[in-house]
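Residue numbers (this note's numbering), protein chains in the order written: chain H, 1 to 127; chain A, 1 to 175.
Check before you lean on any hint, since a few could be wrong.
To be verified - Taking lysine-lysine and the PhoX-like style, the derived pairs with C-alpha atoms no more than 25 angstroms apart in a straight line are: (1) K80/H x K124/H; (2) K59/H x K163/A; (3) K163/A x K62/A; (4) K57/H x K124/H; (5) K124/H x K59/H; (6) K59/H x K46/H; (7) K59/H x K171/A; (8) K80/H x K122/H; (9) K163/A x K89/H.
Claimed, not checked - Label-pair restraints from in silico Cβ distances: (10) D88/A x D9/H: 28 to 38 angstroms; (11) G18/H x D34/A: 40 to 50 angstroms; (12) D88/A x E95/H: 26 to 36 angstroms; (13) S26/H x G76/A: 42 to 52 angstroms; (14) I77/A x D21/H: 33 to 43 angstroms; (15) G76/A x G18/H: 35 to 45 angstroms; (16) S26/H x E90/A: 21 to 31 angstroms.
Hints were generated in silico from the structure; no laboratory data involved. A virtual CB, placed ideally from N, CA and C, is assigned to each residue, including glycine.
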Amino acid sequence: MAYSEKVIDHYENPRNVGGFDKNDPSVATGMVGAPACGDVMKLQLKVSENGVIEDAKFKTYGCGSAIASSSLVTEWVKGKTIDEAVSIKNTDIAEELALPPVKIHCSILAEDAIKAAVEDYKSKNSN
Amino acid sequence: MNFFELFALPVQFEIDLGTLSTRYKTLAQLTHPDKFANAGSAEKLMMVQKNAQVNDGYQVLKNPITRAEHILETRGIELKHEQQTVQDTEFLMQQMEWREQLESAQHQNDPEQHLADLDSDIGVQSKAHTQRLSELLNEDSEEANHLAASELRKLKFMAKLHKEIELQEEKLFDI
Chain H
1 MAYSEKVIDH
11 YENPRNVGGF
21 DKNDPSVATG
31 MVGAPACGDV
41 MKLQLKVSEN
51 GVIEDAKFKT
61 YGCGSAIASS
71 SLVTEWVKGK
81 TIDEAVSIKN
91 TDIAEELALP
101 PVKIHCSILA
111 EDAIKAAVED
121 YKSKNSN
Chain A
1 MNFFELFALP
11 VQFEIDLGTL
21 STRYKTLAQL
31 THPDKFANAG
41 SAEKLMMVQK
51 NAQVNDGYQV
61 LKNPITRAEH
71 ILETRGIELK
81 HEQQTVQDTE
91 FLMQQMEWRE
101 QLESAQHQND
111 PEQHLADLDS
121 DIGVQSKAHT
131 QRLSELLNED
141 SEEANHLAAS
151 ELRKLKFMAK
161 LHKEIELQEE
171 KLFDI
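Sequences and hints are given; from them, build the entire structure.
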């Protein structure tokens, strides 16, 4: 199966690889995994006091499409509010990267990583 | 298609692999296309399909992960093509850590030992999940089946890790 140019670009030059201190109160961490392929994804967001995502980092163990999906998402969420970020749909990711049907689950993983991170942020800041 | 019925085995996770293999050989021989070289085309087609089923069934039942998947499928829980993500943070953190250890193997003084240790850690954990899976599948209640599905998902991550270790070993030692 051939990867699209955008997938290859993100795979070869992944944006925002790394992480933040998960104990920092302004850092939200989303951990998700896909049992079908064993991929694991960690997405971390640095959120300002008014709920804007200032920075994002990821670490993904998986195929090219999973790495590209998470790399793309770190670019997309920057500058968005957390409420705007959760509205990113896996179909947007799949379309942007031209993912074939067998790789749709990689985009689902990335969407769920955003949701998990936002949930983590909300539970951290609920008090 | 219930493959346990095909091989006349009780629907359970713990099966006798020797019995499975013996019955597979018998059924594969009985349905072998060569035996039906002179049969009519309808019968030939039927036996080819039967033979394919026997082969599929053997592959599914031989492997503990696909066997458990098949049991859950007969109970109405479909895992094979699911796209659901796992969000058990603690479990996934551990997976990440293992992946990092695997990644760093080539920079260790003794990569072979490093990989062997990692594989043995994963083996211990896989065994625990398999044990729990087996108990839950035996229980066969709605709740137990859903818990079994979640153990099975974890086992799939473990199997993937084990495979990655093997690949790394091949790369490092050119086996």
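Quiz item: Can you name, in rising order, the numbers of the hints this structure does not satisfy?
Solution: Per hint list: 9 and 11 violated.
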